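Asker: Here is what each chain is made of, one letter per residue.
Protein chains: 4
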Amino acid sequence: MKKLRVGMIGGGGPQNFFGGVHRRALHLDGTRELVAGALRRTKESSLAAAVELGITGYGDYMELVNSGEELDYIVITTTNDAHFAPAKACLEKGIPVLCEKPVTLTVKEAVELAGIVKKKKVPFILAHTYTGHPMMMLAREMVINGEIGEVRKIESWYNQGWLADNIEKSGAKQAEWRVDPERAGLSCCGGDIGTHAHMAARWVTGLETVRVSARLNTFVKGRKLDDDFNAICEMNNGATALITATQIAIGYKNDNGFKIYGTKGSLEWAQERSGCLTVKFGREDKVYWIGAGYDYFPASIKPYLRLPAGHFEDFLEALANLHLTMEFTVRKAKGEKNIPKAYPHPSAGDGLAGMKFIAAAVKSSGEKGAWVKIPG
Amino acid sequence: MKKLRVGMIGGGGPQNFFGGVHRRALHLDGTRELVAGALRRTKESSLAAAVELGITGYGDYMELVNSGEELDYIVITTTNDAHFAPAKACLEKGIPVLCEKPVTLTVKEAVELAGIVKKKKVPFILAHTYTGHPMMMLAREMVINGEIGEVRKIESWYNQGWLADNIEKSGAKQAEWRVDPERAGLSCCGGDIGTHAHMAARWVTGLETVRVSARLNTFVKGRKLDDDFNAICEMNNGATALITATQIAIGYKNDNGFKIYGTKGSLEWAQERSGCLTVKFGREDKVYWIGAGYDYFPASIKPYLRLPAGHFEDFLEALANLHLTMEFTVRKAKGEKNIPKAYPHPSAGDGLAGMKFIAAAVKSSGEKGAWVKIPG
Amino acid sequence: MKKLRVGMIGGGGPQNFFGGVHRRALHLDGTRELVAGALRRTKESSLAAAVELGITGYGDYMELVNSGEELDYIVITTTNDAHFAPAKACLEKGIPVLCEKPVTLTVKEAVELAGIVKKKKVPFILAHTYTGHPMMMLAREMVINGEIGEVRKIESWYNQGWLADNIEKSGAKQAEWRVDPERAGLSCCGGDIGTHAHMAARWVTGLETVRVSARLNTFVKGRKLDDDFNAICEMNNGATALITATQIAIGYKNDNGFKIYGTKGSLEWAQERSGCLTVKFGREDKVYWIGAGYDYFPASIKPYLRLPAGHFEDFLEALANLHLTMEFTVRKAKGEKNIPKAYPHPSAGDGLAGMKFIAAAVKSSGEKGAWVKIPG
Amino acid sequence: MKKLRVGMIGGGGPQNFFGGVHRRALHLDGTRELVAGALRRTKESSLAAAVELGITGYGDYMELVNSGEELDYIVITTTNDAHFAPAKACLEKGIPVLCEKPVTLTVKEAVELAGIVKKKKVPFILAHTYTGHPMMMLAREMVINGEIGEVRKIESWYNQGWLADNIEKSGAKQAEWRVDPERAGLSCCGGDIGTHAHMAARWVTGLETVRVSARLNTFVKGRKLDDDFNAICEMNNGATALITATQIAIGYKNDNGFKIYGTKGSLEWAQERSGCLTVKFGREDKVYWIGAGYDYFPASIKPYLRLPAGHFEDFLEALANLHLTMEFTVRKAKGEKNIPKAYPHPSAGDGLAGMKFIAAAVKSSGEKGAWVKIPG
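Protein chains in written order, with this note's numbering: chain A, 107 to 482; chain B, 107 to 482; chain C, 107 to 482; chain D, 107 to 482.
Careful: at least some of the hints might be erroneous.
If chains are identical, the list can't say which one is meant, so a pair holds when it fits in one copy or spans any two.
Below, simulated BS3-like cross-link-like pairs (lysine-lysine); rule was C-alpha separation at most 30 Å, straight line [said to hold, decoys possible]: (1) 479 / 469; (2) 207 / 408; (3) 149 / 109; (4) 408 / 462; (5) 408 / 330; (6) 227 / 462; (7) 408 / 370; (8) 226 / 447; (9) 109 / 440; (10) 108 / 443; (11) 438 / 408.
Because the hints were derived from the structure by calculation, they are not lab data. Since we're looking at a predicted model, the values are computed, not measured.
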C-alpha cells in the first residue's frame, strides 16, 4: 500500500506546537507521509523549516499549490487570518484540504469557501479534533440513530483558566493574538473555544442552532474581546441548547464536554476523560460507562479504533515513548547534537529480573507459599 | 533531520494487531521510519507482508540481520518463544533492539541475553509499554528523588477477565498460546500480566524483589497454567510488596496500577486513567491529582510530552482520525478497493455554521441578550 | 442537658416521606425530641398520626400554637400552599420556626413573612437542606473569606429526569401537585429545584442576583408549568451566574452542584459526591480534593461535624441500620406486628471467626508465611 | 409505637467520640431511646456522665444489668478488654446486646461468648458498622443469590495512614492502646482494621476462611504489634482471598472496600464512596454503577433505606445540621452556656429572594429572554 503524499501550509519547523501535532497525527498510522510544505510566512524561513523537516520546501502557498507536486491532500495550519486564501487556492486546484479551525476569519469568507467546496466537490475537512474521539463519534451514532429519542436539551461547555489574568501583556504569544480583534475576529472566548461547544451541540445531534440569546463578558480589564461566553440557543427541532465557554476559570485546563437529554435517554461525555461515555436509558436507573474499544462500536466507527477494549488511545504514545528512548539513544550514539537524555526504560536486565521473579513465584506456590529467595 | 531507519522481526502485515501497534508508535513522531522486516514465520508470507507494508522484505530474521541494510534499530515482536534467538543475533551484529516482553521464554535465555547486552553495550529496550506513560515516569522520578521518603509498602496489580472461561477451546488464538506451557513458559497469568505488576513495583521504586511467597491458582478446569497470581514479596530495602494479577475478573479489561506508601507520602496510579497521578503528602490531608502535561514534570520527562496541560495523549489519535477520514476519502477517489467508509467529520459548511453562530451571539450580547436569528 | 422540645405542623404518620426525614434529622443528635404535632389536614387523622408517633396530637395548627405546650421550635412540613399561615401564627406567638422550602406560595406572602421575622426577631430557618452539608458550608467560608478572590462567574445546576414523561397522569402524587399552578405557584422546575441552584449561587457567595434573562421550557405536552429552566443572571458585584435546572434529564436523579470561578481560584461541589470539595488555586496547577471531616474546617463549621476524617456522614446511617436490626429483632420477640425481617448482620459467631482468623494470621506470619489452618 | 428503651455500657458523656456515634445512630429513627447507662470506669464519673446525658446512671455494668430497668437492649462500647464480661452478664440476664467490635479480647473469651449466645438464643449483634451500608447489603444479596456465580477470588482491604509515625509517644490516646498488646490483643493493624476486611470477605460472600498464609509487618520502630497486615486465604469453597490492611499508608483515611470475582460477574465497593456499587456482568462489557435508593434493592433491604434514589444517606445529617442551627439559636436564647455559634443557614429573607428570582425568571422567559430586574 502506497503512502499518501501530504503537503502542509503553515506549521513551521520541528519545534512548532500545532504543526508538530498535525505531523504526529499525520504520521501515526504509517500510511501517510508529509512530503512538501510552505511552512512559514517568509520564503527563507519556509525553506529552512522544510530542510529541518526533511521535506520539499516552497516559498509560499501559491508556489506549493502550483508546483505540480503529486499531493493527495494539504493541511492548512496557519493563523486564523490565513486560512481562507490558501484553502481557496487548493480547492480551485482540486487539492483536498484538511484545514485548522476556525474555517476563516469572517463569515463572508466562510460563505465563499463553503460555496467553492460545494461546487467543486473537493474534499474539505475542518480540524475540529474532538470530533475524532471514538466516544464522541459513538455518541453521535447513538443520537443520530435515535437511541436516546428526540433531543430536548443540550448542554455543551468548554472551561479554561489560562486567560484569567492579563497574560497578553507579559509576552504570551498564544494570548496576544487571541485577544486582538484584527487577528482573532469578532470574539476571543466564543471564537476560540465556544465554537468547540457549538460544534459538539450540532455535530453530535445532527441538529442546527437557529436562534440565540447570549451574554459575553470581558472580565480582564483592557481587553477588547470577550473572555467569557454564555448562550442559550434554540435548535431547529425546538430543543434548547446551553452553549457556554470561559477562559477565566482558574485551574481548569480543557474542561470540554456535553450532556444531551432526549425523550428516551441521556448521554454525557467529557474530553478530559475521553475514553468513557456515560449513557442513561429509560427509567431503568442503570448507568453505563462505555470504555474505549468495546464491542458497542458500530461498523461506521470500527475502522477508527486502533486498540482493543480497555486500552485507551494513549497506549500508543506510551509505546512511542519507548521508541523515543531508543531514538535518543541511537542519535546520541551517532554523535547528533542536542539530543535529550534517554530515559532509563526497562532493559534486558529488567526482563531477566521479571523472569526470575515468576520462576520463584511458581516455585513458592508449588511449595504451598514457602518463602523462596529470588536469585540476584 | 534524517529519519531513523527501523527494521522489524515479526509483526506481520497491515492487519496484525501488535505489529500494527508498534508500527503506529514507531511512526508517531514522524522521525522514525520502518524500512525493512522479516515479518512472518515463512519466507513467502514474510515477503508478502513486506509488500503490503511497502517495505523491504526478508525471508527470515538472519537474512535481515545479515542483509547489510542500514538499520538504526530493530523491533522484535514475535511470540515469546521467538524473542531470544533474533535478539541475540541483532545484538551480536551490534544492532540495537526494542524487544517485546517477556524478554525470553526461559530464565536461562534471559541470563544469556542480559549478559550479551552488558558485554556488547548495545542498546536494548524491553517493551514494558506502561513505563512509557509520562505519569508512571513522573511517579518514578518522585520516588527515586525521595519525595515520598523511604518506601515501606507497594501494591501493584493487573486484573483482567478475558480468561474467565475456557475460550482457548473455542478458537481464541491469543488465549491458546498463553495457556500452553510450550509457548508461554512457566506461567500464564503471572508471565503475561503479573510481570507488568512486578515491573511497576521495581521500576517505579528502583528497588528489587528479593523473596517471594506466592499462591497461583488455575480456576478454569483443564488448564495447565495459572490464571490467577498472588504474591507477597520482600524488597531489598525490607519493604513488602503485594504483586497480584488475575485473568478471571469478569468485566475487568486492563485494571493495572500501583500504590506506593513511603515514610513521607503515598502515590497512586492506574493505567485506565493514565493521565492522572494521585499524591498524598505528609499529614496535611491534601490529595493532589496531577494532570498530564503540567508544570510538575521534571526536565528528564519533558522531552516525552507531546501536548500542553489538559490534553491527554489521545488527542493525537483524535486528530489522526480526521486525517484518516481524509485518507479514506482520497483513496476511495483514487479507486482503491476495500477502503472503509469515511466518517462525516466536520467540513466547510460546519465551519460556516460556527462562524454564523458566533456572529449572532456577539450581536445578541450587544443587544442585551435579545434573541437573534442565526441565518440558515 | 435537657432535650429541646419540638413541635411539628404537617409531616403525617410514621410512613410519611418528608415528615419522616425531618423526624430522623430532628432525633439524630439525641438532644432534640418531637413532643407534639398537628400532623395532617383533618383533626381526626392528625390525632391518629400523633398516636402512632407516640406524641401529643392537636387537631390543627392553631390548636397546637395556642396549646400552651412548652415548645422550643416548630417544624413546618406541609405542602407549599400551607407554609405561610402556620408560620405566621408561630412567629406571632414567638415560637421559632424551621420551615420547608419554598418559604411561601407567593411573593406577597414571602414579603409579609420576612417582615414579621425581621420585626419580631423570632428565629426562622428555611430548610434548604443542601446548605447543611459541611462541604457546602466550607465552600461558603472559603468564598466569603476571599480565598478565591472576587467572584466572576457562577454555574449552579440541578438536573433530574423524573418528569421526563407525563407521570402526573398516572397517579404519581409528587408529580401531580408540582405541575399544578394552584398548588405549586408560578413555576414547576424553577420553583422546585431551580431554587436550590439559585440558593447555592447566592448563599455560597454572599452575593445577590439582580437581573435575569431566562428561558423556561415545557417539554411534556399538556403541562401548564415549566419542566426545564435556564437563566443567565447578573450578580450584585457584576458577576455572571448560569442558573439552570431540568426535570427531563432521563437517568439523572439529583445532579445538583455548583462551580464558582474567582480572580484567585475556583471551587466545585456536587451533592451526589457531597463529601468532597474540589479547589483549584492560582496558577499552580494543583487540584485538591478535600474530604469530609478533615482539619481544614474552620471553627465556625466544626460543631456541625459528627465524625473524624475519612468517614462520610452516612456512617451514622450504617450504624443505625445495625440498631435497626436489633430493633426489628426485639420488636418481633415482643410480638409486635408488621415488623420487617431483621437482616443477618454480624453476630457473636462472626466475631469469633474474626478472632480465629487474626490468631491464625499472627501464627502464620510468625512461621514465615506457612499456611495455617483456621479452626472451624 | 412505643420507643425501645436502650441501655449503654461505656460510651462516656456528651463529648465521647464513639459513645456519641452510637447515641446518634440509636436516636436517628426516633423509635429508640437511650434511658440508662453505666458509662465510665468509675462510679462517680459514670453517674456524672449520665446526668450530663439526662439518663439514669449506674455505677457499673453489674448494677445496670441487675437494676430491674426495663431495657430492650444494651449497647456495649467499652475498650476491647471490657467487652466480654458485660456482654456475658447481659446475655445471662437475657438482655440483647449490640456490642462494639472486636467481640472480645481473646479467642477463648469469644468461644465462650458465642456459646452463650447459641445456647441462650439472646440476640447479639456485633457492630461491624460497614455491614449496615445498603450497598454492602445489596452486594451480599447479589452474591448469596448467585448473581455473580460461584465466587473464585476476593480482594478486601483497609488502608489507613494515621499510624505511619510514632504518634503513640506523643499522647494520641487512640494510638496508645491500639499498639499495646495488653489492651489490643494479638494484633494492632490486623485486629483493628484487618478484621473489617476479613468480615467483608466472609459476610458478603457467605463463605468462610479456612487457611491463611500471612505476613505482618511492624514498620514503626519500637512498636510491639503489627502496623501492616497481609494475608492470602483459602475460602471453604476453594476460592482465594487477599485480605490486607495497613496503617502506614500516608494520606489514606479509610480506604476500605472489596472486589469479588465470580464465574458470572464481578462486584466492587468502597466505603469512601459507599453510595455506589459497581457491577460487571458476563462478557457484555457493560459496567453498571448502582446508586443508593434505586429500585434494585430487594425486599430484604428496603426497610433499611431512608431516602429515595439519588439522595445519599448523608442527606439526613445535612438536614440535621439545620435543626442544629435552630438548636444552637434556641439554647443561646435560653441563656445556656457554651453553645457554639449558630451558622447563618437560610432564613425567611433568603426564601423571599428565591421567590423573587423565580417570578422574575418567569417574566423574562415570557418576554423572550428580556433582562428583568429582580426587586431588591
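Asker: A separate judgement is required for each hint: does it hold in the structure or not?
Answerer: To see whether the hints hold, each was checked on the structure:
{"no.": "1", "hint": "479 / 469", "result": "both (10 Å within a copy, 21 Å between copies)"}
{"no.": "2", "hint": "207 / 408", "result": "both (26 Å within a copy, 27 Å between copies)"}
{"no.": "3", "hint": "149 / 109", "result": "both (28 Å within a copy, 24 Å between copies)"}
{"no.": "4", "hint": "408 / 462", "result": "neither (40 Å within a copy, 33 Å between copies)"}
{"no.": "5", "hint": "408 / 330", "result": "neither (45 Å within a copy, 35 Å between copies)"}
{"no.": "6", "hint": "227 / 462", "result": "between (62 Å within a copy, 22 Å between copies)"}
{"no.": "7", "hint": "408 / 370", "result": "both (25 Å within a copy, 28 Å between copies)"}
{"no.": "8", "hint": "226 / 447", "result": "between (50 Å within a copy, 21 Å between copies)"}
{"no.": "9", "hint": "109 / 440", "result": "both (28 Å within a copy, 13 Å between copies)"}
{"no.": "10", "hint": "108 / 443", "result": "between (33 Å within a copy, 13 Å between copies)"}
{"no.": "11", "hint": "438 / 408", "result": "between (40 Å within a copy, 18 Å between copies)"}
Violated hints, in rising order: 4 and 5; the structure is consistent with all others.
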